[in-house]
Amino acid sequence: MEGHLNLTLKIWRQKNANTAGKFETYQVSGISTDMSFLEMIDVLNNRLIQEGDDPVAFDHDCREGICGMCSMYINGRPHGPNRGVTTCQLHMRSFQDGETITVEPWRASAFPVIKDLVVNRSSFDRIIAAGGFISVNTGNAQDANNLPIAKDDADEAFAAAACIGCGACVAACKNASAMLFTSAKISQLALLPQGKAEASKRAQAMVAQMDEEGFGACSNTGACEAECPKGISLENIARMNREYFSATFSSK
Amino acid sequence: MAWLAKSLNSSLGKKLLMAITGLFLISFLVIHCGLNATIFLNDGGVSFNEGAEFMGTNPIIRTMEIVLFGGLLLHIFDGLRLWLDNKKKRPVAYAVVDGAANSKWYSRSMGLLGTLLLLFLIIHLKHFWYFSRLTDGLESRTLFAEMQSVFTNPWVVIVYVLGCISLGYHLLHGFQSAFQTLGWNHPKYTPTIKMIGAIYAIVISAVFAAMPIAFYFNLIH
Chain U
1 MEGHLNLTLK IWRQKNANTA GKFETYQVSG ISTDMSFLEM IDVLNNRLIQ
51 EGDDPVAFDH DCREGICGMC SMYINGRPHG PNRGVTTCQL HMRSFQDGET
101 ITVEPWRASA FPVIKDLVVN RSSFDRIIAA GGFISVNTGN AQDANNLPIA
151 KDDADEAFAA AACIGCGACV AACKNASAML FTSAKISQLA LLPQGKAEAS
201 KRAQAMVAQM DEEGFGACSN TGACEAECPK GISLENIARM NREYFSATFS
251 SK
Chain W
1 MAWLAKSLNS SLGKKLLMAI TGLFLISFLV IHCGLNATIF LNDGGVSFNE
51 GAEFMGTNPI IRTMEIVLFG GLLLHIFDGL RLWLDNKKKR PVAYAVVDGA
101 ANSKWYSRSM GLLGTLLLLF LIIHLKHFWY FSRLTDGLES RTLFAEMQSV
151 FTNPWVVIVY VLGCISLGYH LLHGFQSAFQ TLGWNHPKYT PTIKMIGAIY
201 AIVISAVFAA MPIAFYFNLI H
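Protein chains in written order, with the working numbering: chain U, 1 to 252; chain W, 1 to 221.
Rather than coming from a laboratory, the hints here were simulated on the basis of the structure.
A virtual CB, placed ideally from N, CA and C, is assigned to each residue, including glycine.
This list has only true hints and no planted wrong ones.
Straight-line Cα separation of at most 25 Å, DSS-like style, residue types lysine-lysine; simulated pairs:
hint, chain 1, residue 1, chain 2, residue 2
1, W, LYS87, U, LYS115
2, U, LYS230, U, LYS174
3, W, LYS188, U, LYS196
4, W, LYS88, U, LYS115
Computed far set for chain U versus chain W, every beta-carbon distance over 12 Å:
hint, residue
5, SER29
6, SER36
7, ASN45
8, SER135
9, ALA150
Using the sequences and the accompanying hints, generate a full structural model.
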């Protein structure tokens, strides 16, 4: 059948956080090359439901590459073989007919499995809550031109803010390190005048929370940057290090 | 000083220690390599022996030797600590990992390369440091003559060349990685740092590897 694939899927099945998981093998046939990877799993789940089996649990929300929910480690890479995409943006045309595809959840002690391919990423939320904000007194809205911001700085802050917190950086890292995520969240504020005021304090608080959550250290392999669906740069990690080390020596 | 200990025990602090000690060892290798390269002058080891004599007797150098061992031990123990810590962060391993798709093998193997280097270093220190500092061997033969005799054994030559290859890959990642850890990532400087790091790693490891090979094939007189 032209444009249709028959595939063998090896999918991680795990009842809950407290039980051990294992791989189950499924055959799917007649998969359109125009389908997204998630739609292919939908097809499998429809069949599993009809057969009275438990469908494969996986996270998904927007299905347009901006929510960052679809945490699937496909054939040894976060979000599969293509760069700069989430799983919903991965299409079946990226696979060959007859291929065996291995699907695993993100694996990190800081991302415990909830069920099957669903992991708990609330550790990211707690890193944000530790300092990923600016303290302001709310009052009347200021004039937009009160704080001049250079275009380059605005662009760089925006590029860091493009992070969707999907956790692909942690999944790709051999140390399950969250440095790319944390540094993007530090940078998006540190680059702007509103965030600069608390930059050092923020870096210390967020790095401390990151360590507390059980993420690893950085080996500078660059795997996170290569696998990031939003192209977050390693320059952010260098900026975080600068903020953190200068805070170490200058904070009171 | 609790603030410093707290910072150096954080994930970033451990890397800072790794970067600073790494750059210190990188600066040592320049001196070590430069001095040893005088054997290629083919002056019967006269320049080399003079250099060795200076390094072995100058009080400032001898003090720095202690600092060097301190830096080396810190680098080793901090590396070991990072390896042990990082290992715990992924208790369930992936069934399939396509590491080559997103990073260089040697950047993912710094611990392994470092361990190979440590094994090599033990052999290397036994050959030359132990001989020149802890025995009275230098009274009867020069360090140059000792090098000549050690490198007549083909197995020793092979071990040294393998050690130099490990060193080359360790430096290829380590040099630029140290700058990134120190926060020195800038579009103006980073390409230059990476280029200098690559040239440094290749030149240092090639010149070191050439020494046992040249002795073995009697190219040094």
